[in-house]
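Asks: Here's the letter readout for the chains.
2 protein chains.
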Amino acid sequence: MPTHAEETEGTADVKLSPRHSTIETLVGRLLEGDRGAASRLMTVVENRQAGYRETLRRVAKHTGRAHIIGVTGSPGAGKSTLVNELIKHYRGLGKTVGVVAIDPTSAFSGGALLGDRVRMLGFTSDPGVFIRSMASRGQLGGLAAATVDVARILDALGRDIIIIETVGVGQDEISIAGLADTTLLVEVPGMGDDVQALKAGVLEVADVLVINKADREGANRLANYIKTTMRLLPHPEGVWLPPIVKTVASDAVGIDELAGAIEQHRTYLMERELLEKDRKERLRVEVLDRTRDLVLKRLMRNLESSGKLDQLLDDLMLHKTDPATVSHELADGIES
Amino acid sequence: MPTHAEETEGTADVKLSPRHSTIETLVGRLLEGDRGAASRLMTVVENRQAGYRETLRRVAKHTGRAHIIGVTGSPGAGKSTLVNELIKHYRGLGKTVGVVAIDPTSAFSGGALLGDRVRMLGFTSDPGVFIRSMASRGQLGGLAAATVDVARILDALGRDIIIIETVGVGQDEISIAGLADTTLLVEVPGMGDDVQALKAGVLEVADVLVINKADREGANRLANYIKTTMRLLPHPEGVWLPPIVKTVASDAVGIDELAGAIEQHRTYLMERELLEKDRKERLRVEVLDRTRDLVLKRLMRNLESSGKLDQLLDDLMLHKTDPATVSHELADGIES
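Quick note, the sequences are listed as chains A and B, same order. For our numbering, count along the first sequence from 1 and bump the result up by 369. For our numbering, count along the second sequence from 1 and bump the result up by 369.
Don't take each hint at face value.
Pairs count within a copy or across copies, as identical chains cannot be separated in the list.
[Said to hold, decoys possible] Derived SDA-like pairs: lysine to any residue, alpha-carbon spacing no greater than 25 Å straight-line:
hint, residue 1, residue 2
1, 649, 513
2, 596, 493
3, 596, 445
4, 646, 572
5, 677, 653
6, 689, 642
7, 464, 671
If you're looking for bench data, these hints aren't it; they were derived computationally from the structure.
Using the sequences and the hints, build the whole thing.
Replies: Written out as C-alpha cells, the structure reads:
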C-alpha cells in the first residue's frame with residue numbers, strides 16, 4: 370500500500386517554494402520522455418503529495434493524444450497474460466505503451482499482490498513499455514481519480530497506447546471502465562455461474578468482449594450466452610455492437626483479431642466524433658466526483674475540529690434545537 | 370411508495386404563511402394525543418413536505434421520553450409476530466406503544482409489501498397502539514432520517530414504548546440499529562448458512578439476541594453458535610453482554626423473558642448514564658449524515674443548473690485547465 374504524505378491540497382506558497390521548481394523540472398523531463406521523472410510524478414499524483422495539483426496542471430495541455438484501453442474481468446480470466454500479448458503486438462507496430470495495473474490489495478500485507486506482474490518483467494529492458502502497478506486500496510482521493518491521474522502522466526510521457534488493467538469486482542469494475550476510450554471485458558469458459566459473471570450491468574460497460582482461454586470446453590456456449598444476454602440490452606440502429614473475440618493469450622492466439630476489434634472501435638468513435646464526446650462526459654463525472662469528495666472531506670474536517678458540533682450536540686440533548694435545524698445551519702454555514 | 374412533494378427546505382416565508390398555523394395547530398393536537406394529527410405530521414416529515422422542518426423544531430422539546438426498541442433480522446424470522454406479542458405485553462402493563470414498521474419495497478409495485486402488517490390490524494380499535502408502515506425506499510432524505518423523524522412524532526404523541534421494526538439487509542440493518550436505545554436481533558434455527566446470517570458485524574449491533582421459532586430443530590445449535598461467535602468479539606469487563614432469549618412468538622412463548630431482557634438493558638443503560646451518552650452519539654451521527662446529504666444535494670443542484678460546469682468542461686476539453694484545479698475551484702466557490 371502506498372504511504373501517503375500529509376495531504377497538502379491548495380498550499381498557496383507552492384509557487385515560491387523549491388518544490389515548485391522541482392515539479393517544473395520533473396514535468397520538463399517527463400515531456401522529453403524521461404521515465405525516471407514519470408515514476409516520481411506518478412508517485413506524487415497517486416499519493417496526493419505536495420505538488421500534485423501543480424503536476425496535473427502542468428501536464429494537462431500535454432494529454433489527450435493516447436488511446437486508452439481498459440481491461441477488466443474476473444480474477445483468473447488471464448488479463449495480465451492478455452495485456453502482455455497486447456503490449457507485444459503494439460510494440461511490433463512501433464507504438465509505445467504505458468500500463469496502469471491495479472492489483473488487488475492484500476488484506477494481510479496491505480500491499481498489492483504483484484505475482485502476475487512478474488510476467489511483465491520481460492519488458493523492463495524496452496524503454497517503449499512503461500508499467501505502473503497500483504494498489505487497489507489506500508488512494509486518498511479515490512481509486513478512480515488516482516488511476517486517471519497516473520494515466521495522464523503516461524499520456525504526457527508520450528505513450529501511444531495506455532492500458533488500464535484492473536480486477537473487476539462489482540462497482541469498481543464499472544467505475545474503472547469509465548476511465549477508458551475502449552473497454553475490454555475478459556471472460557473465460559467454465560468459471561461457474563455465467564449469469565453471475567455476466568450481469569447485464571457489467572456487459573453494458575464493454576466495448577469489446579474477450580473470451581480468453583477459448584480452447585477450453587464451453588467457449589461456444591459462453592459466446593452464445595453472451596450474445597443472448599446482449600440481445601436483451603437496448604441497441605439502437607447504428608450504435609456500436611460489442612464484438613466477441615476469442616483468444617488463447619497464453620499461446621498468443623487471437624491477439625491480432627483483438628487488436629483489430631480495438632482499432633475498429635477507435636475508428637467508430639473517431640468517425641462519429643464520439644471520442645471527444647465520451648471524454649467530455651467522463652470529465653464531467655470525474656469533476657463532480659472530485660468536487661464531492663473535496664467538499665465532504667472539508668466538511669467533516671471542519672465539523673469535527675471546530676468544536677461547533679459539540680456545542681450543538683449539547684443543545685440537541687437539552688432539546689433546545691433539532692437535528693434538521695442543526696444540519697441546515699451547518700450546511701448554510703459552509704455555503705454562505 | 371410515498372409520493373414526494375417538491376422539497377421546500379428552508380422556506381424563509383414559512384412563518385407568515387397559513388401553513389405555519391396549520392403545523393402549529395397540528396403539533397398542538399399531537400401533544401394532546403390526537404392520532405389523526407400524528408398521522409398527518411408523519412406524512413409531512415416522512416415525505417419532506419413543506420413544514421417538515423417546523424414540525425421537527427416544534428416537537429423537539431417534547432421528545433426523549435420513550436424507550437426506543439429496534440427489531441431487526443432476516444426476512445422470515447417472525448419479527449412481525451414477535452412485535453405483535455411485545456405490543457400485547459406492553460399494553461397489558463398499561464403502556465402505550467408506537468410502531469414504525471419498515472417494509473421492503475416491492476420492485477414491481479413500488480409500494481411497501483404490507484402482507485405482514487395485516488396481522489397487526491387487531492390493534493386498530495386500541496388507541497394505545499399506533500402503527501405506521503413505511504416503504505424502505507423512496508425517502509428523499511434517506512431511510513434512517515425518515516424513520517427517526519417519524520419515531521419523534523410518536524415520541525411527542527406520548528408513546529411509552531416505540532418499536533422500530535425493519536427487515537435487516539446488510540448495511541440497512543446496521544444503520545437502522547443505530548436508531549434505537551435497545552436493539553433486538555431476531556434469528557431462527559435452520560435458516561441455512563449460520564455464518565452468513567450471523568456475521569460478527571451484525572451481532573455487534575444487537576443488545577438482545579432472540580432465537581424465534583425456538584421449537585424448531587437446531588435452536589440449541591444456533592444458540593451455541595451465537596455464543597461461540599460472541600466470544601470472538603471484544604467484551605470488556607462490566608460491559609453489557611447481549612443475552613440470548615428463546616421465543617416461539619406464534620404461541621406467545623418467551624415474551625415475558627424477552628421483555629425482561631429489554632428492561633434489564635434499559636436499567637443497565639440508565640444506571641451507567643449510557644442512555645444519554647448513546648443518544649448523544651446517535652445524534653452526532655445523524656447530524657453529520659443529514660448535513661452531508663444536504664451539502665451534496667445542494668452541490669449537485671448548483672453545479673448542474675448554473676451552467677458553470679459546462680463552461681469548465683469546455684475549458685477542460687481544450688486543456689486550458691485540469692480536473693483537480695476545476696474541482697478545487699468549485700469546492701472553494703461553495704465554501705468561500
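Asks: What label fits residue 646 with residue 572 when the C-alpha limit is 25 Å: within, between, both, or neither?
Replies: within (21 Å within a copy, 49 Å between copies)
Asks: When no copy is specified for residue 649 and residue 513, does a C-alpha distance of 25 Å or less occur within a copy, between copies, both, or neither?
Replies: within (16 Å within a copy, 36 Å between copies)
Asks: How would you classify residue 464 and residue 671 at a CA-CA limit of 25 Å: within, between, both, or neither?
Replies: neither (48 Å within a copy, 43 Å between copies)
Asks: Check residue 596 against residue 493 for me: Cα-Cα at most 25 Å, and say if that holds within a copy, between copies, both or neither.
Replies: Neither: 39 Å inside a copy, 55 Å across copies.
Asks: At most 25 Å between C-alpha atoms: does residue 677 with residue 653 qualify within a copy, between copies, both, or neither?
Replies: between (34 Å within a copy, 12 Å between copies)
Asks: If the cutoff is 25 Å on CA atoms, where do residue 689 and residue 642 land: within, between, both or neither? Let me know, please.
Replies: Answer is between; shortest inter-copy Cα gap is 20 Å, intra-copy 59 Å.
Asks: Evaluate residue 596 and residue 445 at a C-alpha cut-off of 25 Å and name the case that applies: within, between, both or neither.
Replies: For residue 596 and residue 445, the Cα distance is within 25 Å only inside one copy (22 Å; across copies 38 Å).
Of the numbered hints given earlier, the model fails hints 2 and 7; all others are met.
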